[in-house]
Amino acid sequence: MADLNLAHLAAGFGAGLVTLGAGLGIGKIASTAMDGTARQPEAAGDIRTSMIIAAALIEGIALFGQVVCILLVVLK
Amino acid sequence: MSEAVASAAEAAHGGGGGEFIVEHVLNSDTLHLPFVGHVHLPHLKVFGIDVSITRHVVMMWAAALILFLLLLTLRRYRKTDLVPKGGLANALESIVTFVRDDIAIPNIGAHDAGRFLPFLLTAFFFILSCNLLGMVPYAATATGNINVTAALAICAFIAIQAGGILHNGFFGYFKGLIPHGLPWPLLPIMIPIEFIGLFTKPFALCIRLFANMTAGHIVILTMLGLIIILKNLYVAPVSVVFAVAVSLLELFVALIQAYIFTMLSSVFIGMAVHQEH
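Line by line, the protein sequences give chains A and B.
The first sequence lines up with residues 1 to 76 when you count with the working numbering.
The second sequence lines up with residues 1 to 277 when you count with the working numbering.
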């Protein structure tokens with residue numbers, strides 16, 4: 001059936017889009033974290049911790065999308 | 001359900017390199033040990049519930065045993081000096097104080113943090129050891145199984161609701177979900193949102209941990225599988241270097257995900273216990 005091929009195609013597009021979103025989001029976090037650290041090097045430790053927490057949360061959402069794509073491929 | 005997923009994935013991937021990725025990531029009832037070979041694990045049923053011992057169950061038992069033996073070394077300092085001596089005891093104590101001072105107390109408050117500290121410490125150490133055990137050769141990642149992370153999320157859910165209800169009273173807790181001073185036309189929107197939010201937050205904890213662990217291992221296996229799929233030996237240097245880099249990232253992600261799970265659990269417990277926004 002064409003449905004299975006469409007599902008695979010959609011999963012491929014979805015995975016790419018999800019990764020794109022995650023990359024943009026985490027890139028923005030890293031950029032502002034580096035600006036903050038350059039502005040005030042004493043706060044580097046706190047900024048690094050907050051950056052890692054925010055990156056993990058955004059990655060969590062990106063992986064929600066990835067799980068949906070995997071379900072598209074795996075379920076009939 | 002895992003057998004259906006396994007067979008569906010095998011049918012979808014067919015020949016080529018698909019099966020070994022699926023075989024390493026999903027649960028199975030055989031253990032592959034280095035010198036012993038394949039060990040078939042028993043299928044057990046208790047009152048019709050399937051409690052067979054699978055690979056991930058053995059991994060969880062191994063993690064629990066390792067933690068038990070490690071944390072036994074801290075036990076003798078309770079009665080004698082209260083000050084640990086030696087590298088291992090100091091390291092474990094520093095991790096425990098990190099969870100208490102940087103995760104529990106800032107989010108729950110110094111007064112109430114003590115009641116939830118056993119749960120937070122257990123979650124942190126268990127998830128960390130399960131994640132790290134998945135990086136050992138011949139072992140599997142127990143937290144890469146959605147049932148395991150669902151069970152951990154259910155424990156977090158129980159901790160959050162019990163903490164909130166015991167601190168604020170049963171009706172006080174549900175009344176406190178709605179922010180104070182909200183204009184009344186917004187109530188029909190806020191009540192379902194807040195009520196569903198009680199369930200989506202632990203659900204997000206479950207999926208985040210599961211997907212992070214499984215995705216990392218799938219990437220490593222795919223990179224190594226490219227050698228087999230492309231049937232070309234010259235891919236091997238690139239593949240192996242990339243797989244090593246992703247494995248190092250996986251170690252980092254293992255630590256981060258344990259920290260994130262514990263921190264978000266403590267944030268949700270803090271939000272449930274101290275409901276004034």
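Treat each hint with caution, since some may be false.
Partial chain B-side listing against chain A, Cβ under 7 Å, derived [as the list claims (entries may be wrong)]:
hint, residue
1, 182
2, 208
3, 236
4, 255
5, 256
Source of the hints: derived by calculation from the structure; they are not laboratory data.
All of these numbers come straight from a predicted model, not from anything done at the bench.
Glycine included, C-beta positions come from ideal geometry on N, C-alpha and C.
Checked hints:
Checking residue 182/B against chain A by beta carbon gives a least distance of about 26 Å; that is not within 7 Å, so the hint is violated. Because the beta carbon of residue 208/B sits about 4 Å from the nearest beta carbon in chain A, less than 7 Å, this interface hint is met. This hint is violated: residue 236/B has a C-beta 26 Å from the nearest C-beta of chain A, more than the 7 Å allowed. Below 7 Å, beta-carbon pairs count as interface contacts, and residue 255/B has none with chain A, the closest being about 10 Å; its hint is therefore violated.
Annotation: residue 256/B was flagged as interfacial toward chain A, and the flag holds, the nearest CB pair being 5 Å apart, inside 7 Å.
Checked against the numbered hints given earlier, this structure breaks hints 1, 3, 4; the rest are met.
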